[in-house]
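**Q** Turn these sequences into a full structure, and let the hints steer you where they fit.
Chains as they are written, first to last, in UniProt numbering: chain A, 1 to 454; chain B, 1 to 396.
Calculated from the structure, these hints are not laboratory results.
Just so you know, these numbers come straight off a predicted model, no measurement behind them.
Hints are not guaranteed to be accurate.
In the EDC-like style, the derived pairs of lysine to aspartate or glutamate whose C-alpha atoms are separated by at most 16 Å in a straight line are [said to hold, decoys possible]:
1) A/Lys-174 <-> B/Asp-74
2) A/Lys-174 <-> B/Asp-260
3) A/Lys-45 <-> A/Glu-287
4) A/Lys-174 <-> B/Asp-186
The following residues of chain B were derived to be distant from chain A, with all beta-carbon distances above 12 Å [as the list claims (entries may be wrong)]:
5) Asp-152
6) Thr-254
7) Ala-259
8) Arg-263
9) Arg-277
10) Gln-366
11) Tyr-375
Ideal Cβ positions, reconstructed from N, Cα and C, are used throughout, including at glycine.
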Amino acid sequence: MPKQIHLAAHFPGVNNTTVWSDPASGSHIEFDSFREFAQVAERGKLDFIFLAEGLRLREQNDRIYDLDVVGRPDTFTVLAALAAVTDRIGLTGTINSTFNEPYEVARQFASLDHLSGGRAAWNVVTSWDAFTGENFRRGGFLAQGDRYDRARSFLQTATELFDSWRGDEVVADKDSGTFLADPHPGAFAHRDRFFDIAGQFDVPRSPQGRPVIFQAGDSDEGRDFAAASADAIFSRHSTLEAGQAFYADVKGRLPKFGRSRDELLILPAATFVLGDTEDEAAELAQEVRLAQVSPATAIKFLEQLWNRDLSDHDPDGPLPSVDPVVGENTIARGRASVRMHRDPVATAAEWRAKAEAEGLTTRELIVEVTGRQSFIGTPQTVADTIDRYVQADASDGFILVPHLTPGGMAPFVDRVVPLLQERGVFRADYEGTTLRDHLGLPLRHTDGASAAAS
Amino acid sequence: MPHPPIHLVAALDGAGWHPAAWREPGARPAELLTAGYWSDLVQEAERGLLDAVTLEDAFALQSDDPFVADDRTDRVRGRLDAVLVAARVAPTTRHIGFLPTAVVTHTEPFHLSKAIATLDYVSSGRAGVRVQVAARPDVAAHLGRRELPPVDRDAVATAPVVVELFDEAADYVEVLRRLWDSWEDDAEIRDAATGRFVDVDKLHYIDFEGRHFSVRGPSITPRPPQGQPLVAALGHAEVPWRLIGRSADVGFVTPTDAADAARLVAAVRTEQAAAGREAETVHVLGDLLVVLDDDATAAADRLARLDDVAGAPLRSDARVFTGTPAQLADLLMEWQRAGLTGFRLRPAVLPDDLEQVTRGLVPELQRRGAFRTGYEAATLRGLLGLGRPANRYATA
Ligand SMILES: Cc1cc2nc3c(=O)[nH]c(=O)nc-3n(C[C@H](O)[C@H](O)[C@H](O)COP(=O)(O)O)c2cc1C
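**A** Here it is as structure tokens:
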């Protein structure tokens with residue numbers, strides 16, 4: 001039996017992958033865009049939709065970054081509203097473990113799970129910076145080295161809260177007058193370095209027991225965190241080789257946490273461009289890349305690596321001859337991507353060598369190094385490639401990131417999904433009602449009776 | 001209209017406000033945590049052309065004792081996050097407003113601001129929030145951000161910690177409001193020529209610095225459709241009335257009679273003036289817990305029966321009204337003359353007493369020319385006669 005593929009739709013984010021200048025690009029904030037996006041994904045029987053989150057508007061050169069989409073809704077609120085206009089598709093929200101408290105987040109996810117009939121998922125992220133902290137009464141108090149310690153403790157505490165109701169407490173028997181079988185439900189007490197809380201949780205057990213847990217960090221610690229606690233990983237590694245390496249690495253970490261290989265799904269982010277022919281797709285892909293990397297955007301990317309003001313640099317000329325400023329990135333703030341540049345001087349040297357060897361201008365180089373789309377081709381080749389990657393253990397499926405809001409998933413849903421269904425590697429219809437059902441994950445109940453039937 | 005219109009809000013909580021409500025034949029106690037239950041109730045309120053619903057919430061299980069958990073097994077216990085219930089129901093309705101309760105003591109104003117702004121987007125301009133202070137030590141222990149001392153039951157309203165928490169709540173609302181304005185309406189420009197999605201001169205740092213917290217801004221969520229979603233609060237004493245006067249668009253008070261209603265309205269107006277807000281509209285709505293039936297004896301019998309099942313007479317901070325919809329209409333109009341602009345009705349039993357409101361009281365008020373006969377505005381602010389406010393940061 002071939003592996004079944006899992007597919008999800010990422011609502012276009014506040015970065016340059018999203019092309020807002022296209023005439024077909026709609027609102028990023030009106031609910032109609034979210035509704036259409038989710039309904040298209042559900043039409044394709046996708047596993048879930050995915051929302052990213054950032055808690056401070058990005059800045060570069062001490063100004064709010066204005067070249068990409070700016071602004072987004074509150075994750076929980078928009079997912080709860082989407083539960084009203086969809087029936088089966090999973091609802092995954094990115095929620096930070098630094099600028100929240102477990103009691104609040106647990107009741108929000110438990111509530112979302114109830115209100116959606118068991119479709120909630122939580123992508124636990126750990127962004128910790130003081131820049132973001134300025135928006136919170138807590139402030140930016142966390143040292144980088146503590147981010148996963150707090151995340152682990154946060155998730156552990158939230159799990160204790162989810163599990164504090166077994167699922168059989170509410171009897172609501174009108175005749176006998178017994179509403180609760182247990183006079184003191186939801187009891188919890190958690191005490192560690194980060195959290196010292198106790199009392200009674202006030203949301204009874206939700207259909208999934210716990211939301212599905214995603215993790216999206218790439219560091220060694222992040223991978224361990226996922227292997228220990230997550231149901232799925234949202235990764236960046238969408239090519240065959242990098243995907244296989246990441247897959248092997250993370251799945252290889254599972255035994256040390258007493259878990260089996262099928263308890264953790266690997267779902268990389270992936271972009272796509274479809275055409276009627278390979279040539280047409282390739283041409284379209286290049287057009288999209290140029291829209292994503294305008295001359296001004298190319299300079300901003302350059303500045304993020306160089307960590308200095310390069311506003312006078314010619315995007316159609318060669319790369320700067322000066323070296324990057326090493327040390328704390330002061331030019332771009334609130335942006336996870338700058339943390340990927342772990343050795344800026346070495347990366348700049350590589351970029352220069354590549355630009356010289358291939359005769360690339362600054363903008364052309366940025367187009368190259370910021371990555372071409374993961375899947376480019378006819379629906380047939382894209383379906384083939386996705387299936388091949390999954391069967392070759394480069395992933396268990398993909399979280400697709402379209403470049404257009406809200407209609408960007410429609411070509412994939414209408415043209416690629418049917419081919420995967422024909423091959424028998426993607427569901428023809430939803431078989432269960434909960435996201436855990438779609439993902440083939442076991443219900444992680446303590447015990448109790450509130451499991452949704454599948 | 002011979003009378004200024006009365007505004008009506010339905011207060012939704014669990015199976016209703018009587019502790020025995022969940023055992024009534026029409027009650028759906030096993031569905032209190034489902035979306036369908038709440039959609040049905042709000043849709044019923046909307047059929048009655050009500051201005052809005054409130055949804056109760058707290059960071060603790062319900063309790064008959066307002067100060068501590070009571071470990072009772074014969075009452076409704078457990079509930080969902082009110083803001084998320086409102087968001088889940090909003091797309092299933094078209095006109096009615098939402099005032100979910102949100103705790104402002106332990107939470108982040110930044111998060112609540114974007115949550116209510118988003119509720120305003122998903123409801124196309126029908127959002128507000130009822131802010132609530134949480135002074136209980138056991139609730140503080142759930143969140144773990146700080147310890148709160150126990151307060152003297154007989155002096156809650158003047159306890160120093162309560163005064164302090166209400167001051168903090170006023171700061172909190174100030175941050176909500178600044179964040180809602182932190183994007184000007186036309187900040188999104190999508191200017192292809194310069195490649196700019198937003199005009200950064202129209203995004204504003206709010207730079208709030210208070211005694212309890214500081215928040216930089218701007219919000220990550222653009223200015224919501226109403227500009228400023230509504231802020232409501234309930235008050236039984238001077239300290240909360242001050243919060244209403246300083247910060248709210250809608251205050252809920254609990255009069256015992258018409259004279260008391262006049263006194264409470266005056267108290268809120270005094271605080272409103274002290275805060276320099278005389279020129280602004282602040283609605284003062286009277287709370288009533290209602291047990292309604294087609295004849296007055298039937299209503300009284302019903303309450304007696306419910307009390308019997310509950311094992312104790314109904315106690316409430318609000319006046320308990322027992323009678324017919326017409327008698328209630330008489331009372332509302334009398335209290336309206338005392339200065340209230342509307343009422344928040346707490347149905348004793350859901351859906352029974354809500355249906356008495358929407359199918360009995362509302363037609364009665366309409367006959368008297370005291371209630372709308374159709375939704376006259378597309379936003380909650382519009383229903384309450386409030387315009388769309390200018391942005392405090394806009395210069396033009
Ligand atoms: C594919 C991917 C998507 C991510 N999305 C978000 C996001 O939406 N919001 C956020 O705050 N962090 C996001 N992150 C950041 C991580 O979740 C993580 O908290 C951060 O990178 C620090 O952990 P690390 O050092 O293990 O990478 C994302 C990371 C990856 C790999």
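**Q** Could you run down the list of hints and mark each one as holding or not?
**A** We went through each hint and held it up to the structure:
1. Restraint check: the Cα-Cα separation between A/Lys-174 and B/Asp-74 comes to about 9 Å, which is no more than 16 Å; the hinted pair holds.
2. For the hint pairing A/Lys-174 with B/Asp-260, the CA-to-CA distance comes to about 38 Å; that exceeds 16 Å, so the pair is violated.
3. Note on A/Lys-45 and A/Glu-287: the hinted pairing is violated, with a Cα-Cα distance of about 29 Å set against a maximum of 16 Å.
4. Of the pairs offered as hints, the one joining A/Lys-174 and B/Asp-186 is violated, with about 54 Å between alpha carbons and a cut-off of 16 Å exceeded.
5. Look at B/Asp-152: its CB is around 22 Å from the nearest CB on chain A, clear of 12 Å, so calling it non-interface holds up.
6. Against the 12 Å criterion, B/Thr-254 stays outside the reach of chain A, whose nearest CB is about 25 Å from its own CB.
7. Non-interface call for B/Ala-259 relative to chain A: holds, since the shortest CB-CB distance, roughly 38 Å, exceeds 12 Å.
8. No beta-carbon of chain A is positioned within 12 Å of the beta-carbon of B/Arg-263; the least distance is around 35 Å.
9. Non-interface call for B/Arg-277 relative to chain A: holds, since the shortest CB-CB distance, roughly 26 Å, exceeds 12 Å.
10. The claim that B/Gln-366 lies off the interface holds: its Cβ sits roughly 30 Å from the closest Cβ of chain A, which is beyond the 12 Å cut-off.
11. With a cut of 12 Å on Cβ distances, B/Tyr-375 stays outside the contact zone with chain A, its closest approach being about 19 Å.
The structure fails hints 2, 3 and 4 (numbered hints given earlier, in ascending order).
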